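> Each residue of the sequence shown is one higher than the one before, counting from 1 in the UniProt record's numbering.
One or more hints might be untrue.
What the hints assert, rightly or not - BS3-like, lysine-lysine: derived pairs with alpha carbons at most 25 angstroms apart: (1) LYS34 / LYS24; (2) LYS11 / LYS34; (3) LYS90 / LYS46; (4) LYS167 / LYS64; (5) LYS46 / LYS24; (6) LYS147 / LYS164.
Rather than coming from a laboratory, the hints here were simulated on the basis of the structure.
Computed from a predicted structure; not experimentally measured.
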Amino acid sequence: MSDGYVRKALKLDSLDDAALKAHKNYKYYEFFYKKALTFRLFRMLKTEATTFDVWKWLGFSHIKAGDLKQIVGTTEFEAYERYVTTFYRKVQNEVDSLMPIWYPIPSVRASLDATEAEKTARTLIMAKLDMREDIAKILLGMTEPGKWNVPLKNDALLQHKDYKYLKLFRNRHQKPLKWEEVNNIV
1 MSDGYVRKAL KLDSLDDAAL KAHKNYKYYE FFYKKALTFR LFRMLKTEAT TFDVWKWLGF
61 SHIKAGDLKQ IVGTTEFEAY ERYVTTFYRK VQNEVDSLMP IWYPIPSVRA SLDATEAEKT
121 ARTLIMAKLD MREDIAKILL GMTEPGKWNV PLKNDALLQH KDYKYLKLFR NRHQKPLKWE
181 EVNNIV
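Sequences and hints are given; from them, build the entire structure.
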């Protein structure tokens with residue numbers, strides 16, 4: 001069932017955004033929209049989509065790190081935050097499991113082409129979740145080449161191109177995050 005079909009069935013198809021939100025059927029449309037978004041994200045999780053894949057799919061590829069405050073609180077950003085949380089738990093379960101080494105686990109955890117805004121948002125969400133640092137390193141792509149579950153250490157870690165995000169994670173870890181302050185953090 002498509003978004004357009006639901007809008008038409010609820011007689012919302014010809015309305016602009018302001019009129020849409022004021023319509024008596026908007027609450028039903030919003031429920032459908034959020035449910036459909038959740039199902040799509042679950043499908044993406046099953047296909048091993050990275051957090052940046054979801055970021056782009058949600059239409060955030062044009063966002064700059066300084067503009068994060070503008071998208072925080074939107075339904076789409078909340079969906080992204082849910083995806084990062086679920087993705088984190090999935091990776092943590094894989095790392096903590098007692099699977100033999102030969103068990104085939106996809107090695108892509110972080111997109112190499114992710115934007116600064118996506119990496120910043122992901123890092124702040126990870127800090128908010130009180131994530132373990134070893135998992136944060138994996139989700140930031142700071143792993144030994146060919147070993148998805150072995151985080152970098154020492155000089156290799158310090159020289160990683162995205163080390164600044166780990167520093168941001170360490171600075172924000174276990175501190176209450178207020179998205180209103182995001183421009184002061186970045």
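> Now tell me if each hint is right for this structure.
Hint check:
1. Taking the CA atoms of LYS34 and LYS24, the gap is about 17 angstroms. The hint holds against a cut of 25 angstroms.
2. Distance restraint check for LYS11 and LYS34: the Cα-Cα separation of roughly 18 angstroms lies within the 25 angstroms cut-off, and the hinted pair is therefore satisfied.
3. For the suggested pair LYS90 and LYS46, the alpha carbons sit about 10 angstroms apart, so the restraint of at most 25 angstroms is met.
4. With a C-alpha separation of about 19 angstroms, the suggested pairing of LYS167 with LYS64 holds against the 25 angstroms cut-off.
5. Taken as a hint, the LYS46 and LYS24 pair is broken in the structure, with Cα atoms around 36 angstroms apart against an allowance of 25 angstroms.
6. This hinted pair checks out: LYS147 and LYS164 have alpha carbons roughly 22 angstroms apart, not beyond 25 angstroms.
Checked against the numbered hints above, the structure violates only hint 5.
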